[in-house]
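There are 2 protein chains.
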Amino acid sequence: MATRFHKKTKALQRSAGSPIGVFDSGLGGLTVVRELRRLLPSEEILYLGDLAHLPYGTKSTGEIRRRSAECARFLMKKKIKALVIACNSASSVAHKDLARILPVPVLDVITPAVEEALATTRNQRVGVIATYATIESRSYAKALEARSPEAQYFLKPCPLFVPLAEEGWLDGKIAEGAAEKYLAPIRRKQIDTLILGCTHYPLLKSAIAKVMGPKVRLVDSAIPTALRLKTLLQKKGLLSPRPRRAPLKIFVTDYVRNFARIGESFLGEKLKTVKLVKVP
Amino acid sequence: MATRFHKKTKALQRSAGSPIGVFDSGLGGLTVVRELRRLLPSEEILYLGDLAHLPYGTKSTGEIRRRSAECARFLMKKKIKALVIACNSASSVAHKDLARILPVPVLDVITPAVEEALATTRNQRVGVIATYATIESRSYAKALEARSPEAQYFLKPCPLFVPLAEEGWLDGKIAEGAAEKYLAPIRRKQIDTLILGCTHYPLLKSAIAKVMGPKVRLVDSAIPTALRLKTLLQKKGLLSPRPRRAPLKIFVTDYVRNFARIGESFLGEKLKTVKLVKVP
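Chains Y and B, in that order, are what the protein sequence lines are.
For the first sequence, the numbering used here begins at 351 and goes up steadily by one.
For the second sequence, the numbering used here begins at 351 and goes up steadily by one.
These are computed hints drawn from the structure, not numbers from a lab.
Certain hints may be false.
Where chains are identical, the list cannot tell them apart; a pair therefore holds if satisfied intra-copy or between any two copies.
Stated by the list, open to error - Computed list of lysine-lysine pairs in BS3-like fashion (alpha-carbon distance at most 27 Å, straight line):
1) K560 - K523
2) K555 - K625
3) K560 - K531
4) K580 - K506
5) K586 - K429
As the structure is a prediction and not an experimental result, all values here were calculated from the model.
Next up, chain Y with everything else stripped away, as it sits in the complex (with noise of 0.2 Å):
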């Protein structure tokens, strides 16, 4: 794998011109998308949802590893002279491996979450709500404590809260419902910050701050993501020229049911350039 990227990737010139590439296994990315056009709207954004194989949450670690190298390969084709991983499960096994070979920085969702919930964090005691796989990866557990010995963290699959968010009921009864019986548990434990731990959540946030009360903070990993990214751009010297708001071009592997108006509410903005791609 790290010829093949080589070999086609060390000739790219990169530029301040180039657009950023982000892929995800599915729609979720796109609420880091949101993120990046609010506070990078001349950057142009290339995404790649791998929606042929979702969701990579199910998958072996090599099977996501990959999947995470032929998204890779595929935006890096594309001259992308910045590569965010939008997906927590892909973060978890393929970030390492991918900032190695990669000639481009290499952003996952997972290390700004974790650095912003400890930089936030008054009583060292943090949640965790994700998919049942990415808590049983342990890799939100890794970070916190290769960061913070000290501090505690309480982790708490959702798995109803990605329905919820596909299906659109982000608030009432039942969202809120699902949001008491899931986080009350957590509640107890006097933690007074909450990392969202999965890209769908932000979505369902007002039904989460509900339950949790006003003094938890929570915090969606896309915000910490997009500042990260736009400092290192800075730093390089990468940053767009551009004086207009950018184009976002979408790629797919696949269609999912109720894509477009998913997508959109993912997104906050309508899909406009959507394209099917092979990724193998």
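Position chain B against the provided structure of chain Y, taking the given hints into account.
Just chain B now, with coordinates in the frame of chain Y:
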């Protein structure tokens, strides 16, 4: 495919003591096994859950046919005397093929449910709830139209019901809230019969019944499917002569999260013999 089946199976001897084979992409088919065990306690059952490839609902027709053929081949090698396709997606696209090719009776779960519903309805107004994939396949619509041109039917996908069943949130305000939200439009159509067109849904029967009211009869395909199999085995002289309760053997191509808890809630008894197998 036909040839491979033929070569391997034509020489096999099936007797009344042979087992019944059942397959599904997941564990939902165990709601069918539960009824088979209730109605035919002397019959040995071999259940294959193709968990490594679930869900079938989002796969292409060709891929579902291929997976179904592989599952059937696996069970045929174990000398089953009848095959039950306990999966709505596989029933809708692979039943005809398998019934033509295999030298044993092959039952689907759609036909028995549709016939039961048409025998039950008095006002010829039938509702069907199922996953998006099943609704979009139009398999229920076609089966209803073919058997009763005068019946009116109303279809409604209920995507949250599967994760609710798998979380074990079977009643209470969240399940009932979701049922109310999904079923209110179909209740207004004044149906008197509602087909539960997904093997997960029988677990939510009480929440569904509460919303639909006492005048609507719920049709759970497991019951008419088990009845049809019993009649068929009787006719062919293939009912098991075993005097005591026969064993149930479960084969899975992978394990899924909360495997035992979910499986036992569907089956209504402890999972005893579970074996991990490869089905290419």
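Within, between, both or neither, where K555 and K625 count as close if Cα-Cα is 27 Å or less: So K555 and K625 fail the 27 Å test inside a copy (30 Å) and across (42 Å) alike.
Note to self: Regarding K586 and K429, is the shortest C-alpha distance of 27 Å or less found within a copy, between copies, in both, or in neither?
What the structure shows: within (16 Å within a copy, 67 Å between copies)
_Within, between, both or neither: how does the pair K560, K531 come out at a Cα-Cα threshold of 27 Å?_
Answer is both; intra-copy 13 Å and inter-copy 22 Å each pass.
field: K560 and K523: within-copy, between-copy, both or neither at 27 Å Cα
entry: Classified as both; 12 Å inside a copy, 18 Å across copies.
My question is about K580 and K506: at a cut-off of 27 Å on alpha-carbon distance, are they close within one copy, between copies, both, or neither? Result: close neither inside a copy nor across copies, 31 Å intra and 45 Å inter.
Checked against the numbered hints given earlier, this structure breaks hints 2 and 4; the rest are met.
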